[in-house]
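Asker: The primary structure of each chain is shown beneath.
4 protein chains.
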Amino acid sequence: MVNVGVLGATGMVGQRFIQLLENHPDFDVTALAASSRSAGKRYEDATTWYLAEEMPESVKDIVVTETSPEAMSNDVDIVFSSLPTDFAAKVEKEFAKDYVVASNASAHRMKKNIPLVIPEVNPEYLDMIEAQQKENNWDGFIVTNPNCSTIALTLSLKPIVDNFNIESIRVSTMQAVSGAGYNGVPSMAIVDNLVPYIGNEEEKMESETLHLLGDYDGSEVKPAQFKLSASCHRVPVIDGHTEAVFIDFDDDFDIEDVKSKMASFKGLPQKLNLFSAPENPVIVKEEEDRPQPRMDRNAGNGMSVTVGRVRKDQVFDNSLKYVLVGHNTIRGAAGASVLNAELINDKIL
Amino acid sequence: MVNVGVLGATGMVGQRFIQLLENHPDFDVTALAASSRSAGKRYEDATTWYLAEEMPESVKDIVVTETSPEAMSNDVDIVFSSLPTDFAAKVEKEFAKDYVVASNASAHRMKKNIPLVIPEVNPEYLDMIEAQQKENNWDGFIVTNPNCSTIALTLSLKPIVDNFNIESIRVSTMQAVSGAGYNGVPSMAIVDNLVPYIGNEEEKMESETLHLLGDYDGSEVKPAQFKLSASCHRVPVIDGHTEAVFIDFDDDFDIEDVKSKMASFKGLPQKLNLFSAPENPVIVKEEEDRPQPRMDRNAGNGMSVTVGRVRKDQVFDNSLKYVLVGHNTIRGAAGASVLNAELINDKIL
Amino acid sequence: MVNVGVLGATGMVGQRFIQLLENHPDFDVTALAASSRSAGKRYEDATTWYLAEEMPESVKDIVVTETSPEAMSNDVDIVFSSLPTDFAAKVEKEFAKDYVVASNASAHRMKKNIPLVIPEVNPEYLDMIEAQQKENNWDGFIVTNPNCSTIALTLSLKPIVDNFNIESIRVSTMQAVSGAGYNGVPSMAIVDNLVPYIGNEEEKMESETLHLLGDYDGSEVKPAQFKLSASCHRVPVIDGHTEAVFIDFDDDFDIEDVKSKMASFKGLPQKLNLFSAPENPVIVKEEEDRPQPRMDRNAGNGMSVTVGRVRKDQVFDNSLKYVLVGHNTIRGAAGASVLNAELINDKIL
Amino acid sequence: MVNVGVLGATGMVGQRFIQLLENHPDFDVTALAASSRSAGKRYEDATTWYLAEEMPESVKDIVVTETSPEAMSNDVDIVFSSLPTDFAAKVEKEFAKDYVVASNASAHRMKKNIPLVIPEVNPEYLDMIEAQQKENNWDGFIVTNPNCSTIALTLSLKPIVDNFNIESIRVSTMQAVSGAGYNGVPSMAIVDNLVPYIGNEEEKMESETLHLLGDYDGSEVKPAQFKLSASCHRVPVIDGHTEAVFIDFDDDFDIEDVKSKMASFKGLPQKLNLFSAPENPVIVKEEEDRPQPRMDRNAGNGMSVTVGRVRKDQVFDNSLKYVLVGHNTIRGAAGASVLNAELINDKIL
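Protein chains in written order, with the UniProt record's numbering: chain A, 1 to 349; chain B, 1 to 349; chain C, 1 to 349; chain D, 1 to 349.
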């Protein structure tokens, strides 16, 4: 068993880490770090628990520490980070001197030699780690996962870019409120309403997706060459981001072929049989009114992306339209970091 | 005063007709038609009233009739129709022998010589009426308004197509539940959820918008030459459709120029000072998180379309992105027919 | 293994039956009956599946039959019924000639010699079965479970009535939309709204609760002697009924004693270790803002009732106030019938 | 015209004050105070406007001041306060030296010689003002209105206590999220959920209601002698509190008589024809599924309370049950203070 810690343990994504790591066959949560307000308290006393699943017994008595390498137990090997961006920018580097940092924060996602990884999509980016460690003289390293909306989109795109030539993409999102954290979206803002703006979300989707689907030549990432434009919106849904995708292909294509490539897609985590890897990273629904967030967000224990309405555009030639749903705090956040750590544990540690 | 009737008077759009026509300076509701289940009853007794606004006193005692020209009072000049498509296809023609039919139904929208009109956009299509009457040997005629999502989109596009060259459009909608009628969307389908499918909605948007923005040469309509593809979704909002719009222009453009053209746009209803005409058909918001359906649907008494996030696409050259909100049962349905009737009353009757 | 059938198999409670019976150690679903519209089709083809949990593979190929004993397979022993009241009134009796009918319908709940049972509360009412069979000359019999709101309330009351003297109860409910069936509550009725009326619900709570907590003397039920008045309301929650309870005791009481009796309560299903029996029928929360339906409805796999805010009334002497949450389609419907069947299977069959 | 100021002008109730005072025939908003963060800015620049109604033009250019009498313009006569309790406790007294303070804050509601008033219920409590001024040596004074849930309940009770003898009351509330302020209830807490706890709400209802319905003998208030117990809950509704009321009478009563007394109830504001006074303080609905917050909250411009399901309890003798809806930020907050000020302006100033 590998001892792991969670940074930002009392927050919503921190709680998801703890919930997903309960009964994990390889990882054992032994350290929890949070703000100084929580430090020194038992985790159960320090935390307002937000998830419908019960708080695991195994973490209740862990005493929360400050978020610094000095306060972290030596016998921990991996720390999962759901720290706020600004704080992550500084503190994750300090942890990387001695720990593997599997981070859901955006601070280091696009930095040179820091792998931004979805295990089914670009596991080869982990090769950056050696350069990262050498450059910084670190014993540990940082690995990051993308933004929640990006992960779901990119997973659905991977079997397409592997088999077809994409020219351009437009995507319009309908995102769940949990993506903004527990206090992020006031009910006054969202009951009988939606908010057509999420700060920095469009920029992240537009850059991270191309980065993930690019080529790493051993020295740097050459982003994918198609173009992607996003419009991001918040809707009154608790969990599960929905995205309407418009894709222009270079050439004509067979729609059944597209669906078949999506449905049969397997990545490295499936081959390695990693614990959190869903059997099918992409599930294709044929019902005309699916996917729906409440119905499909938990597919594959929240680790699959469900697509539906996969259809040829009736107006634009060589164009595809579909809708996807992915669980934003599982596959789109905590589960993404955990799967990254499982891959690292299997291949590197 | 012109006496008017409402066909489908007990339904949700029928109720909106009645509410909007209360205290109308030119129209007096004197006849209400509905299914045989309601016929013979006082309107108040026949109707489960769905609107937060009170049922107008003036209609409570009107005895509901069957939906046929024979049952309709002779002193009525205009009938407003919110009939179901199949029934409208047949019965609106019968009414057109003697009555002006201002219809919100989709049955005749794309038919030759039947004007599909938004008064600010294509009032000249009313010129079809003469041919329609002659061809059918009717004393009355049918005029139609577009689908709710189409109206809001087309109003926002009109100042753009008048001043710039559009190459193509993608639009992704987030539509209110009232668009499906009172019993259309079960709460089980939409609480903590969304439904990424609305039957025939994408097809209507894709065809009607081009038809409205086309040219009528006195004989037939040549649709606009750009392409438009839609993806339509239902969200947990009572009233107010939201649409995310991606537009490719032929050439570069100035974003302030686009906003200015939208904000200053006036159409014929504004020039004629029609009763239901909003001062500004298109309202441009500068706040980064607007428009929102609960906040903006009632702008211009529900007859304005509010746009926001009007911005240059950061990825695609010569491309524009914005978000719009329009009230789907006022500007998108009953109010659209009423404004058509006001224009007809001013110009033709 | 006992072969079981489900009557009303395509409806919402019917689907819950199928979901709860998946992987059941004693019951094997081998027959599914529904309306003639579905009869003759594979279950998967006949059904719009409403649950977020996937349809079990084992039922997909079962051919749906008409709802009559003649159409039911002979090797079935127990049929679960979620039929509409009127139809249940007639057809459950026909099934009872040969089958054990475990019914969630209200048709026979208050009938003489037909046990209305919550296994933790009044298992002794099953003694009525002998008289029922004799009187009707049936080989099978009918056993019923109460209305969803009643079950949750009565479970929470049982440890109280066993240990204290209750004088009177007022209860105000906030009920989930799933209680009305998939199409029962239109979204237009409940988004940003609530409906302060549920047909017959108050009457059922007021009579069934006293019946369940009464005494069966071997011949008839003498209802409990306290009084209970209910006010029932529908709120925008998918699953999980919440109830605010006001109880007047005859005498003073110790609040910690009440909580302790609730938390430690065990019934016959717990002693018999029945498969669907929750470890704790009543869970007591100390957090000031619990129970909440989204957080607590799935406690004990949806078979526990969670109470909170258990407090002495600050105004009335000898009075108690608390709030409860119970899952209305699991413990309040399908799970209730299944637990009844498990008890019958253990004690009678 | 009387010049008025608003304290807490940028908050949600502060915005309601401004919206309700737009076009007021007697009051002219000339001063706006808020926190030091806003002071010195134009109101439009200092404020995130939360209401669907547009910000009145007349206030946009008013420069916000600090919340102190020194910063307040001398030509103001009345200040409306929606300050947080702790701050109100101190600063309202300072304002009272020179200004009439019409407060929605709870700080001084139950204090000796400070009138807690609903104009239709206990206008005679304004007689306390003389003693208040004398005791404190103030030129101004403080008048308060009750908590939002209390106002709606008490208005509905007034015609009952005037005509019948009440023994005891239980009330269970379903309260809108706006009652907690814009950021008060996170969407994560309330979508597909409810929260069965509102801090101090039950205590306020239990004490304020009896105080309002008591007797003022010229020296102190003797509270009403019946007992009232509350259970308070938050539901996913934007505006409009709903309350289920159980009342025990001393004697038998005629249900039509109760309804008639409620429906015909008029108070002093109606007699004086005050600007914000609704024609009917209490509206009685006969439809079995009303009142509903989305449908009934705006009755009487948000100043009426709508009751429905007024019925005899079928279980308890001499008992009444009904459900009420009142707009919590209009009649329950800003509108209450404005009506108090109108009464004071008519009778005292």
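Because the hints were derived from the structure by calculation, they are not lab data. Be a bit skeptical, because a hint or two may be false.
As the list claims (entries may be wrong) - Below, a sample of chain B positions facing chain C; criterion: calculated Cβ distance under 8 angstroms:
no.: 1; residue: N137
no.: 2; residue: W138
no.: 3; residue: V177
no.: 4; residue: V185
no.: 5; residue: P186
no.: 6; residue: S187
no.: 7; residue: M188
no.: 8; residue: I190
no.: 9; residue: D192
no.: 10; residue: I238
Glycine included, every Cβ here is placed at the ideal spot set by N, Cα and C.
Asker: Run the structure past the numbered hints and jot down the numbers of the failing ones, going up.
Answerer: 1 and 2
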